[in-house]
Amino acid sequence: MTSSFSRTATRRIFLKGAGLVALIGLGNAVLHAPPALAAANDDKYPEDAFKQKNTSDAIKALYGRDHEASDKIKLDAPEIAENGGVVPISVTTTLPNVTSIAFIVAENPSALAASYKIPEGTVPAVANRLKMAKTSNVIALVEAGGKLYSATKEVKVTVGGCGG
Amino acid sequence: MAASIRVRAILNGDTAEVQTLIQHPMDTGLVKDAKGELIPAHYIQQLSFVHKDKTVFLAHWGTAVSKDPYVKFSFKGAAKGDELKVSWVDNKGATDNLTATVQ
Chain A
25 MTSSFSRTAT
35 RRIFLKGAGL
45 VALIGLGNAV
55 LHAPPALAAA
65 NDDKYPEDAF
75 KQKNTSDAIK
85 ALYGRDHEAS
95 DKIKLDAPEI
105 AENGGVVPIS
115 VTTTLPNVTS
125 IAFIVAENPS
135 ALAASYKIPE
145 GTVPAVANRL
155 KMAKTSNVIA
165 LVEAGGKLYS
175 ATKEVKVTVG
185 GCGG
Chain B
71 MAASIRVRAI
81 LNGDTAEVQT
91 LIQHPMDTGL
101 VKDAKGELIP
111 AHYIQQLSFV
121 HKDKTVFLAH
131 WGTAVSKDPY
141 VKFSFKGAAK
151 GDELKVSWVD
161 NKGATDNLTA
171 TVQ
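Quick note, the sequences are listed as chains A and B, same order.
Position 155 of the first sequence, counted from 1, bears residue number 179 in this note's numbering, the numbering being contiguous throughout.
Position 34 of the second sequence, counted from 1, bears residue number 104 in this note's numbering, the numbering being contiguous throughout.
Careful: at least some of the hints might be erroneous.
[Claimed, not checked] Quick list of in silico lysine-lysine cross-link-like pairs, DSS-like style, CA-CA up to 25 Å:
#, chain 1, residue 1, chain 2, residue 2
1, B, Lys102, A, Lys77
2, B, Lys102, B, Lys124
3, A, Lys75, B, Lys102
4, B, Lys146, A, Lys98
5, B, Lys124, A, Lys141
6, A, Lys158, B, Lys102
7, B, Lys162, B, Lys102
8, A, Lys68, B, Lys122
9, B, Lys142, A, Lys177
10, B, Lys162, A, Lys68
11, A, Lys171, A, Lys158
12, A, Lys158, A, Lys98
13, B, Lys146, A, Lys96
14, B, Lys142, A, Lys141
[Claimed, not checked] Taking CB as the label site, the calculated pair distances span:
#, chain 1, residue 1, chain 2, residue 2, range
15, A, Asp72, B, Gly83, 38 to 46 Å
16, B, Leu81, A, Asn121, 19 to 27 Å
17, A, Lys98, B, His112, 16 to 24 Å
18, A, Asp95, B, Thr165, 36 to 44 Å
19, A, Asn121, B, Ala164, 47 to 55 Å
20, A, Glu106, B, Asp103, 22 to 30 Å
21, A, Asp72, B, Leu81, 13 to 21 Å
22, B, Leu108, A, Asn78, 19 to 27 Å
23, B, Asp103, A, Ala151, 29 to 37 Å
24, B, Gly99, A, Lys98, 17 to 25 Å
25, A, Glu178, B, Asp123, 36 to 44 Å
26, B, Lys150, A, Pro143, 20 to 28 Å
No lab work stands behind these hints: they were computed from the structure.
We treat Cβ as the ideally placed atom computed from N, Cα and C, and that holds for glycine.
With the sequences and hints as input, model every part of the structure.
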């Protein structure tokens with residue numbers, strides 16, 4: 025039951041979004057450009073960090089350093105998520121020299137959800153949608169000027185996002 | 071083929087706001103199907119955006135990113151008509167790419 029509910033809801037939300045961009049998407053020329061992965065070779069997929077079960081191990085594997093809370097990070101997430109399969113979460117920060125942003129869902133089977141490289145010239149703000157297995161703290165990590173900062177918010181989940 | 075990617079890059083001043091939707095199951099490997107068998111993990115691991123040979127945004131994803139992922143970011147130094155190359159690769163080695171135009 026849980027599973028089918030969450031799937032339908034996800035699909036609905038996706039279709040809504042797809043409708044918005046579909047028109048523009050159709051106008052795009054489809055070029056067979058080589059995958060841009062070559063440019064990103066020095067930013068290898070952090071396999072190990074994504075395998076870690078708990079928050080501190082994941083942060084250690086990804087950054088190898090401690091983080092401190094910062095009021096210059098604004099983590100935007102719902103108080104209550106009705107559908108843990110699709111929880112809109114975004115972060116913005118006024119910290120200078122941001123190099124990466126990562127999201128952690130503490131109570132998920134694997135804590136690390138997503139990690140984003142922010143090269144110079146890219147605005148230090150990311151919005152995405154994450155799955156949450158149950159009520160949990162969501163932690164946004166911001167690496168700036170060689171230091172690691174964080175903001176935490178609890179999101180209550182009424183229907184978990186792992187297919188029940 | 072680039073049917074899995076939908077990108078909208080809108081210019082505001084010299085900053086382009088990029089919204090992306092990708093069709094992908096993002097299976098966690100923890101969910102069972104109707105027969106009670108585990109659906110193997112199948113998820114996008116890396117998503118990159120390249121503007122004028124420079125990677126302007128690089129995402130590394132785990133299984134906790136929602137099915138049919140959405141992501142939004144902005145970068146500076148864009149102009150109308152610029153190309154933005156988007157590509158992803160998943161844990162099974164499948165890949166897709168698309169060249170979007172900043173508008």
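Those earlier numbered hints the structure runs against, lowest number first: Of the numbered hints given earlier, those the structure breaks are 2, 11, 17, 19, 21, 24, listed in rising order.
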